[in-house]
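A.B. asks: Chains as they are written, first to last, in the numbering used here: chain V, 1 to 525; chain Y, 1 to 154.
If you're looking for bench data, these hints aren't it; they were derived computationally from the structure.
Just so we're clear, the structure is a prediction, and the values are computed from it rather than from any experiment.
Glycine included, each C-beta is placed from N, C-alpha and C at the ideal position.
A couple of the hints might just be wrong.
[Unchecked claim] To give an idea of the chain Y side of the interface with chain V (calculated C-beta under 8 Å), a few residues: (1) 23; (2) 32; (3) 34; (4) 36; (5) 66; (6) 68; (7) 70; (8) 71; (9) 78; (10) 80; (11) 86; (12) 119.
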Amino acid sequence: MTHLVPLPVVMPLLGAALTLLLLGRPRAQRWVSLTVLTATVGVAATLLVQSSKDGPLVVEVGGWVAPLGIVLVADQLAALMLVVSAAVTLCVLVYSMGQGMADGNEETPLSVYHPTYLVLTAGVCNAFLSGDLFNLYVGFEILLVASYVLLTLGSTETRIRAGTTYVVVSLLSSVIFLVAIGLVYASTGTLNLAQLVDRLDALPDDLRLLLQGMLLLAFGIKAAVFPLSAWLPDSYPTAPAPVTAVFAGLLTKVGVYAIIRTETLLFPGGRTATLLMVTAVLTMVVGILGAVAQSDIKRLLSFTLISHIGYMLFGVGLTSALGLSAAIFYVVHHITIQTTLFLAAGLVERRGGSTNMERLGGLARLSPLLAILFFVPALNLAGIPPFSGFLGKLGLVQAGIDDGGVLAWILVAGGLITSLLTLYAVARVWNLAFWRAPHAEMPDADEAEQASQVDGSVQPQQPLPAGHSGAVLPKLMIAPTVALVVFGLVLTVVAGPLFDVSSDAANDLLRRTPYVDAVFPGGTP
Amino acid sequence: MTPNLTYVIVIGVLVAAGVTLLLERSLTRVLMGVILLGNGANLLLLTGGRAGAPPIVGSSSQEEMSDPLPQAMILTAIVITLGMTAFLLALAYRSWHLNGHDEVQDDVEDRRIMDLAERDEVPDDDVDGDDDDDNEETGADRTLAGTVDSGRAG
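Using the sequences plus the hints, can you model the full thing?
C.D. replies: Laid out in structure tokens, this is it:
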């Protein structure tokens with residue numbers, strides 16, 4: 001089955017090339033992207049089943065033997081992340097197609113959208129599968145460059161401004177990562193993760209701490225951990241809704257994945273555990289306080305995104321099997337839910353003409369379906385039982401109490417407060433945008449339809465493309481959002497098996513030997 | 001290769017100059033900073049492997065060969081930096097095209113929230129949605145326009 005491992009990287013890249021050749025033929029582009037991403041979901045699911053059964057699957061790229069060539073490793077953690085991210089990218093693709101068709105701009109900027117989107121997927125998959133530090137860097141660069149293009153799509157003034165901040169901060173983190181790689185190679189003579197395990201253990205403690213710190217810094221910027229998170233709410237909200245959704249779901253989680261991988265495989269022993277726990281508390285609390293202050297839904301969601309990254313660090317910082325497994329569960333939950341919420345925010349923008357809560361109102365009456373699509377994932381994010389957000393937080397709190405240290409108790413308290421404040425923040429959105437009396441300017445669906453039939457346009461607060469009323473939401477935008485909401489609910493139903501997979505993955509990560517043995521069956525050279 | 005003092009100083013100067021330029025507001029200077037920083041990082045990568053004869057089998061004995069891996073990594077990094085330079089140049093040009101300058105502006109929404117915080121108000125929490133919203137909003141917009149203008153002038 002190992003021949004399947006490179007496919008999640010290769011297929012989107014080939015798809016990107018094909019869609020690039022099909023420029024100007026949007027229908028063909030859409031079919032190529034759909035086929036490729038559906039196939040990626042299938043491959044990822046197969047990899048997850050296989051790696052749970054037979055242990056990590058390893059491919060030596062180009063047939064070069066392990067420490068000389070680059071390896072791709074699909075262990076349970078990587079495969080699980082692949083499945084969730086592929087499913088989410090597929091849903092967002094359908095959503096963006098719905099939006100493009102509804103806006104009537106089938107030519108631009110969709111012609112570059114599809115190739116870039118597929119390259120982004122390839123980069124994310126490469127980062128998850130990489131068994132080599134430099135290949136991880138390349139994966140990061142692929143997904144970052146694609147994200148620069150997607151973020152500045154259409155190059156309007158606000159997007160250029162936001163894109164600049166994002167690009168410069170990401171470049172800085174890439175340089176730090178590159179320098180860290182240089183130092184790792186200089187001190188160990190290898191970049192193969194499995195080979196690094198022994199060689200890093202043999203290094204003096206101070207040097208190891210320096211390397212660990214630099215890698216943490218680079219990944220911390222990408223994952224938007226508190227003192228390094230200022231770029232995120234600045235840049236994400238300006239992008240088109242599907243782009244923000246896929247960024248929020250995936251990009252920061254690739255950073256979190258890299259932190260989990262390096263902290264467990266390369267630098268076990270928890271020398272930075274205190275640092276991780278302190279930043280986890282700060283990320284959670286400062287992030288959510290930022291969310292409470294916002295008046296724009298997309299910005300509010302960006303701040304909750306930062307805040308909930310803290311929960312994942314919480315689990316990693318505890319360094320126990322339960323903590324790690326809860327963190328992995330939480331990553332899966334959060335990718336799904338955060339993407340769903342941003343997609344719902346995109347629907348709100350279309351229906352109400354704005355995402356500013358001061359301008360919105362009465363959406364619950366105007367569009368009950370949209371209200372449900374926002375309400376369910378919002379409660380899920382806040383951690384109301386029986387949703388998966390509650391189960392993930394429960395696992396983390398349990399792990400924190402088991403740990404029993406002072407910092408762990410502070411983390412538990414911080415986590416509970418953050419959960420409560422998240423509920424407050426999303427309840428405010430609910431009260432202002434959905435629950436209060438509708439503003440006079442917002443047409444309800446029937447009137448809007450009549451109006452658009454009579455004079456061809458309605459006037460929402462922000463002008464939508466002519467001939468399209470925001471009141472009627474395109475089915476292709478609703479369907480993927482519904483699918484993701486349902487997927488979020490399914491996470492609750494299959495929480496038992498999912499927790500089994502995540503604790504298996506966590507145990508393998510902590511033991512380290514399954515990964516190393518899979519890459520070097522005959523012993524580390 | 002074994003790093004000597006000159007080499008280390010060159011890396012230090014490149015990185016220091018790069019970081020200084022990175023802190024500027026003008027995008028063109030930021031771009032220069034990124035290039036210098038990238039070159040500093042590339043030189044640092046080169047210290048990772050042994051220096052010596054070209055690593056071609058048969059041309060010299062194995063002990064004398066240089067380590068090709070850092071060079072391969074630097075090549076990759078150079079290509080990535082080249083692409084990023086082109087992209088940042090395009091961004092700077094587009095910014096100049098739209099605004100007549102390439103300076104990075106503050107986040108407007110950030111300013112608005114800060115403004116509200118200074119006046120000790122929260123974003124309109126009035127569930128009944130009464131009529132003063134509009135007045136407050138235009139008031140906030142006006143002060144905001146003032147701050148952005150003064151920021152540009154400075």
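A.B. asks: Work down the list of hints and note, for each, if the structure agrees.
C.D. replies: Here is how each hint holds up against the structure:
no., hint, verdict
1, 23, "violated, 10 Å"
2, 32, "violated, 12 Å"
3, 34, "holds, 5 Å"
4, 36, "violated, 10 Å"
5, 66, "violated, 14 Å"
6, 68, "violated, 11 Å"
7, 70, "holds, 7 Å"
8, 71, "violated, 12 Å"
9, 78, "violated, 11 Å"
10, 80, "holds, 5 Å"
11, 86, "violated, 11 Å"
12, 119, "violated, 13 Å"
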